[in-house]
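Read top to bottom, the protein sequences are chains A and B. Take the first sequence: its letter number 17 is residue 10 in this note's numbering, and every next letter is one higher. Take the second sequence: its letter number 356 is residue 349 in this note's numbering, and every next letter is one higher.
It is worth saying that the hints were derived from the structure and are not from the lab. Heads up, some of the hints might be wrong.
You can't tell identical chains apart in this list, so a pair holds if it fits in one copy or across any two.
As the list claims (entries may be wrong) - Straight-line Cα separation of at most 20 Å, EDC-like style, residue types lysine to aspartate or glutamate; simulated pairs: (1) Lys326 to Glu23; (2) Lys326 to Glu249; (3) Lys124 to Asp183; (4) Lys213 to Asp192; (5) Lys326 to Asp228; (6) Lys326 to Asp204; (7) Lys76 to Glu55; (8) Lys326 to Glu19; (9) Lys326 to Glu16; (10) Lys56 to Glu134; (11) Lys326 to Asp46; (12) Lys58 to Glu233; (13) Lys290 to Glu16; (14) Lys56 to Asp191.
For clarity, every value in this text was computed on a predicted model and none was experimentally measured.
Number of protein chains: 2
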Amino acid sequence: LEQSNLEGAKALLVPVQPVDIAEAIESLPESMQVIAFRLLSKEEAIAVYEHLDSTVQQALIEKFKQQEVREIVDQMSPDDRVKLFDELPAKIVRRLLEQLSPEERQNTALLLGYEEDTAGRIMTPEYISLKETFTVNLTLERIRRLAITSEVVYYLYVTDASRHLAGIVSLRELVLSSPETTLDEIMTRDVVYVNTNDDQEEVAKIIQRYDLLAVPVVDKEQRLVGVVTVDDVIDILQDEATEDIYALGGVQSDGENYFQTSIVTVARKRVVWLLVLLLTNTVTGTIIKSQVHVLEKMAILTAFIPLLTGTGGNVGAQSSTVVIRGLNTDDMKDLTTKEVVIREMLAGVLLGLMLGTLATIWAYWLQGNWSVSLSVGISLVAIAILASVAGSALPFLFRSLGLDPALMSAPFITTAVDVVGVLIYFSIARTILGI
Amino acid sequence: LEQSNLEGAKALLVPVQPVDIAEAIESLPESMQVIAFRLLSKEEAIAVYEHLDSTVQQALIEKFKQQEVREIVDQMSPDDRVKLFDELPAKIVRRLLEQLSPEERQNTALLLGYEEDTAGRIMTPEYISLKETFTVNLTLERIRRLAITSEVVYYLYVTDASRHLAGIVSLRELVLSSPETTLDEIMTRDVVYVNTNDDQEEVAKIIQRYDLLAVPVVDKEQRLVGVVTVDDVIDILQDEATEDIYALGGVQSDGENYFQTSIVTVARKRVVWLLVLLLTNTVTGTIIKSQVHVLEKMAILTAFIPLLTGTGGNVGAQSSTVVIRGLNTDDMKDLTTKEVVIREMLAGVLLGLMLGTLATIWAYWLQGNWSVSLSVGISLVAIAILASVAGSALPFLFRSLGLDPALMSAPFITTAVDVVGVLIYFSIARTILGI
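Please model the entire structure based on the sequences and the hints provided.
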């Protein structure tokens, strides 16, 4: 391409999938992207454009001629178009909306009217809806007419006069039935559906739970307004998992790709948590300072502080990790909050006893004083139990307060356990050593 | 149900989805499960059984009569059956295999022959394959005959005489074409496929990337042997995310549901990591012990150890979290290893300078000695940079050694940074304070 071998480049691009072409275009220098894009046939161009990263989509839109923009944006599927509009400056969106064909403009305005991250925002309004009285033959004819513009043909929705969802027929059932059957004979009336303002994560869980290819979306009046398809749902599940993982690692996430943001944004995403944790750590420091008289008599006690706070933090991190993940999946469905916390506490007792015994032996080997060693061991058992209970209970507490349980994630638990762990250690050491 | 109101129970169970019935049955006391299960029609029973937890599946199989077992297991879809067989004792599997119809036995043996977590294991061999010369009409007839037993009808596969995959036709295209068209006119020849020994995670990524409903699986001789469907892939992506999250929290996972295992198993899953971390922490302790003479002169230095190790650990945990997640998704695809590590290092410099300044001020406020405060601040900058580099580089190193990058997860980085952090702190403090 860089040698201006346009025909050769065109030949290379033809047989691959749109998503692969999109990736190839993304890897080109910016000035080449428009040229490569113009080599695509009109139909391909739209499919490829839908797969491009939003930053590249934006860059291209600024370079396209008026006519090109209009064609591509008008032909995009409504859900992808709304995703693009979310990223563009409001001024450009307004201009683009005006250029859309009336039908597409209405579709887009409908989706933009719903809140972000809801079923209404991610659905496509281009579904095929039918009447109960249609025969299989008539339906197939209608599909042949409509299917070119519709993303979703594998499930067909039957609605009544007031657009209420009455039933669902799969293309499979349609093909298997004799031509003269009417839809009300073969349709399933017990339809799984979601509401426009349901959270996208809920929608994803429903599609996953019932093994669906798509789920219909109804508005407040129970009228069918759109369909969410399984391919969008996979991306949502993936993004939600990334968000959970970032939260567990103490990194803020807002749906942007971490690796495509500037260093300053990266620092901003991380510094909030670090400041909270720094603040908590200063409390630990203040506690240790108040115990300096103990340390002046027995400096060796310091040697075990990282062991105790470290192990306590790790035990707490384990508990909070499994509980937070459990709250976001179905894994915990059979257990009550109390049962989960008690399970974790028992695990903490077991782990504390094992690790405490080892730590006592190691501490004796390191410095030869049984009183100090016992202080370390007993503190470790207490800290492990406390960490398990805090790690498992705090996410539940946060959820019941209406906050995101992931805020009680590993880094926070680790740091919080530090504070209490140091307190426990000094109390036990002072008692045993009689300082 | 508990009042033996069998007819009532049956009526209640009828209109809901199999997965909901399965959940209702799971929540019943064990003695009731068989009774509830027998109320289902034969067809429903199979669908519900496929959705039960493997522990309940096993319990039921032991209570069923010979005839019931044979019927249900024979009718299950091959991929679900293999999942069940994976959980059952080898003896029972052998007995069940013998009772299967010859065709189903062959299907199952085929899948069991592939390694766990590969495309071959999770595929279903019940796809519909066709010849290029078939007309649309003939194909539709064939589908009507086969579709009852096949899970997958939305994509149809065209093979040549030696069962090599030649193309793919969607049911949508079939319905849209005129009856006399032959398949070679409408099929797509550029098919995305996977190999039997591809990892299931790779399969999931391909289905996700190309927005497919199913992907064909070919063996070493490029012959079509099965199909993996999108609903299985969603569960795989979910499980892999859980595995990653657990690894980041320092909990081993092996696909079992953490909340359904015994406390002893829980302790076993967690103790390995804790022991490794305990061992690392003892190194930190040994280093501190070797510096006791410094602490005896300047006990206040202890007050800042948790701050330094804590913050360093958190910075490192952030870097390793984003890098490990990046390795498991497509987010990092545009960057080289070097670029990622340099980005993280720069973020570490930025974060270190911000936090170091704050820590210096706080340290001075706490104890009024500028030399000590400067030691804390400078150490924090050094530790933040080191933690970012270690947190981002170690997962890459582990991957290039063929190990799971998730082993270099937050708890490990946190603890490793403790060791080096304490060393840096004492070196800097000794230099500045002249001890």
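Legend entry - Alpha-carbon proximity between lysine 326 and glutamate 23, which holds within one copy, between copies, both or neither at 20 Å: between (49 Å within a copy, 17 Å between copies)
Legend entry - Homo-oligomer pair classification [aspartate 183, lysine 124; C-alpha up to 20 Å]: within (16 Å within a copy, 37 Å between copies)
Legend entry - Copy assignment of lysine 326 with aspartate 46, given that the CA separation must stay at most 20 Å: between (37 Å within a copy, 12 Å between copies)
Inset, instruction - With 20 Å as the alpha-carbon cut-off, assign the pair lysine 290 and glutamate 16 to within, between, both or neither. - result: neither (65 Å within a copy, 61 Å between copies)
Legend entry - Intra- versus inter-subunit Cα pairing at 20 Å for lysine 326 with aspartate 204: So lysine 326 and aspartate 204 pass the 20 Å test inside one copy only (19 Å; across, 30 Å).
Legend entry - Intra- versus inter-subunit Cα pairing at 20 Å for lysine 326 with glutamate 16: between (40 Å within a copy, 10 Å between copies)
Legend entry - Identical-chain pair category, lysine 326 with aspartate 228, by Cα at 20 Å: So lysine 326 and aspartate 228 pass the 20 Å test across copies only (16 Å; inside, 24 Å).
Inset, instruction - First find the shortest C-alpha distance between lysine 213 and aspartate 192 inside one copy, then the shortest across copies, and answer within, between, both or neither for a cut-off of 20 Å. - result: Within one copy only: 15 Å inside, 44 Å across.
Inset, instruction - If the cutoff is 20 Å on CA atoms, where do lysine 58 and glutamate 233 land: within, between, both or neither? Let me know, please. - result: neither (36 Å within a copy, 44 Å between copies)
Inset, instruction - Up to 20 Å between alpha-carbons, please classify lysine 76 paired with glutamate 55: within, between, both or neither. - result: within (17 Å within a copy, 52 Å between copies)
Inset, instruction - Pop the pair lysine 56 and glutamate 134 into one bin, within, between, both or neither, using alpha-carbon distances up to 20 Å. - result: Neither: 41 Å inside a chain and 51 Å across chains, both beyond 20 Å.
Inset, instruction - First find the shortest C-alpha distance between lysine 326 and glutamate 249 inside one copy, then the shortest across copies, and answer within, between, both or neither for a cut-off of 20 Å. - result: Classified as between; 15 Å across copies, 31 Å inside a copy.
Violated hints for the displayed structure, listed by number in ascending order: 10, 12, 13, 14.
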